[in-house]
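Engineer: Residue numbers (numbering that gives the first Met the number 0), protein chains in the order written: chain Z, 0 to 263; chain S, 0 to 300.
Note that these hints are calculated values from the structure, not bench results.
Errors might be hidden in some of the hints.
[To be verified] Which residues of chain Z face chain S? A partial, calculated answer using Cβ under 7 Å:
hint, residue
1, Lys7
2, Asp47
3, Gly101
4, Ala108
5, Pro110
6, Asp260
7, Val261
[What the hints assert, rightly or not] Estimated spans, in silico, between C-beta atoms of each pair:
hint, chain 1, residue 1, chain 2, residue 2, range
8, S, Ser129, Z, Leu200, 29 to 37 Å
9, Z, Leu235, S, Arg111, 47 to 55 Å
10, S, Pro37, Z, Leu211, 57 to 65 Å
[Unchecked claim] Negatives, chain Z to chain S, calculated, CB over 12 Å:
hint, residue
11, Gly6
12, Arg13
13, Glu41
14, Ser48
15, Pro50
16, Phe63
17, Leu76
18, Ser115
19, Ile142
20, Gly149
21, Val194
22, Gly210
23, Trp213
24, Arg230
25, Ala238
26, Ala262
Since we're looking at a predicted model, the values are computed, not measured.
Here a beta-carbon is modelled for each residue, glycine too, at the ideal position from N, C-alpha and C.
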Amino acid sequence: MLRSVFGKTLWDQRRVLASWSIGVTAVGLLYAVFYPTINTPEMADVLDSFPTGFLDAIGFTDVFSAAGYVGSTTFGLLGPALIIIMGAALGGSAIAGEETSGRLDLILAHPISRWSVTLQRFAALVVGMAAAAALLFVGLVAISDLAQLGEIGVANLAAASLHLALLGIFFGALALAVGAATGRPGLVYATVAIVGVGSFLGNNLGPTIEGLAWLRDISPFHYYAGGMPLRHGLQLVDAVVLFVASLVLVVAGGLLFDRRDVAV
Amino acid sequence: MSDVIRTEALTKMYGKRRGLAGLDLEVRAGEVYGFLGPNGAGKTTTIRILLDLIRPTSGRASVFGESPRAGGPALRRRLGYLPGDFTVSGNQTTRQLLTHLGFLRGGVPASRIADLAERFDLDVSARIGSLSKGNRQKIGVVQAFMHEPELLILDEPTIGLDPLIQQRFLELVAQARTAGQTVFMSSHVLSEVQQSADRVGIVRDGRLVAVEAVETLRRRAVRRVLVQFDDPIPAEAFRDVDGVSHVEIHDTQLRCRLAGRADGLLKAVARFPVAEITVEDPDLEELFFAYYRGEEANDAA
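Turn these sequences into a full structure, and let the hints steer you where they fit.
Structural biologist: Okay, here's the thing in C-alpha cells:
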C-alpha cells in the first residue's frame, strides 16, 4: 500500500471510504425496504395528487414497479446526491485540498510528475467509488426478498450500481480537475454543486421545455439513468460516455495543473 | 560544470507582489551554502523554483545544469528537500510516512531510516498527529537526508529543533559535506549557518546582496554585548577598545556593540570584577549595514 501514491491515497482514505460506502448503502437500503409499503392503492392516490411536473422534476416515475421505485428513490435521488457529494469530497481533497493544507509540496518535490500524481489520485477515486457502489449492490441483493425486489434481478441491480459508480467517478473527476487546475477547494465544491443540480434538472426537465431538450443530451444523469439499467441492464454506450468524459476532465485538469504554480 | 545550482536574473512576481527581483546565485559542487536573509526576502521563493513547484516570471534557474522544469522527476531524484513548513497527515506513523517517501525515491533501506531516527531520538512507531512540532521537524530532516541525495535543499531546517538536536543536525550536514554532497540551506539566523556553511549568500528584497566566506561574515558581524560588573566602573574605561562602539555605561552596567574579534573587549572587561555577561546573536539587519559600511569604506580608501 505504501509503494505508490495510488496505494497510499487509498490507505490514507480507508476510514473515509468505509464511512461513505456504509452511508450510501444505508441510505439506499433504507429507501428500498419501504417498497412493499408504497406499493398500495392508497399511495397511488397520494402520488396522483401531486402535479406531474413536480414528480418529473424530482425524477419520480412509475414507482409501483420494483424497478421504478428503486430507480426513483435509491438510484434516483439520494443515491446520486450522496455519491456526487462523495465525489466532490474525494476529488476535491485529491489535489486542491492537499495543496491548501500545505501537503502537496513534499510529494511534488519527489521524483514523480504532476501527471502521475493526478492519474494515481484519480485511480484511487475510481476504486473508492467502485467500493461504495459494490457495497450498495451487495446490500440490495441481500434485502431483495424482504423488500420484494426480486423482479429486478441481480444483473440489473449490478448494472444500476455500476452506473452509480460511474456517475460518482464523473463528478469526482470534475472535482479533481477543477482542483488540479485552480488549487481552490471552494471553487471545486461550487462547481460540483452547480453542475450537479444543473444537470439533474436539465435531464429531468429539459425535454419538457421547448428548445431545451439538448440539456438532457449533455447531462451526465442522462447517461447514468436514461437507459434505465434497472430494467434493461448495463447500457454500455452510456457507461463508456461517462467514463470517457471523466478521463477528458482529468486530462484537462492535469494539463492545467502541470502549467501552474503550486500554492504554498 | 562545477555549479550545482545556478540562477541568472531570476525574477518571480506573485501578481503585483515581488517574490524575487533578479537573483543571481551560484552554488558549487560539494559546498555547504547558507542562504541567509530576513523573512520575506525571497528564500522560499528561490527554493520552490529550484524544485519546480513554481515557475519563474523571468530569468533562468538551473540545477545540475538543467532547468527544474525540463529536468522533471529525473532531476528531483538527485535532490532531498525539506520544506519550510513541513506538513504531513497526522493520521499515520512516522515509519509509514518514511517508508512511503522512500518508495517514491526508489527505495531506502529500512536500516538507514532506523539509523537516522535513532540519531534524532525519533519514535518511528508513533502516530505523527501525536508528535510535537519539533519532532515533526525531525521527520522532515530525516526524509530529506535518508536517500543520501547529491543535493540537499533545506528551507529553514532547524526551526523548532532544540539545541541538542540542532547540533545533531549540524553533524549530519558536516557528514553530508564529507561524503561530497552539496547542501543549500536557508536561514534567517546567522549563527545557524555560520557553524556549518562554507559560504553564505545574503538575500534581501529578492536580490542577492553579498556572498561571503563565513569567516568574513563573522568578522563583520556586530553583536550587542551586556556586561554586569560588581562595582561601578569609570565612564572612560571602554573608550577606544578595538571593535567596540556605541558604549553606554550606567553605574555597574556596560552596554556596547562588538564587531569582529572579541579579544580587545574581553581584556578590557577583565580589569574589573564581572558578575554576568550576555552576548546576543548578531542581528541580520545590522549585519547588512555593517556590510554596506564596509563596502563604502573600501570605496573611499
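Engineer: Give me the numbers of the hints this structure contradicts, sorted from smallest to largest.
Structural biologist: 2, 8, 11, 12, 18, 26
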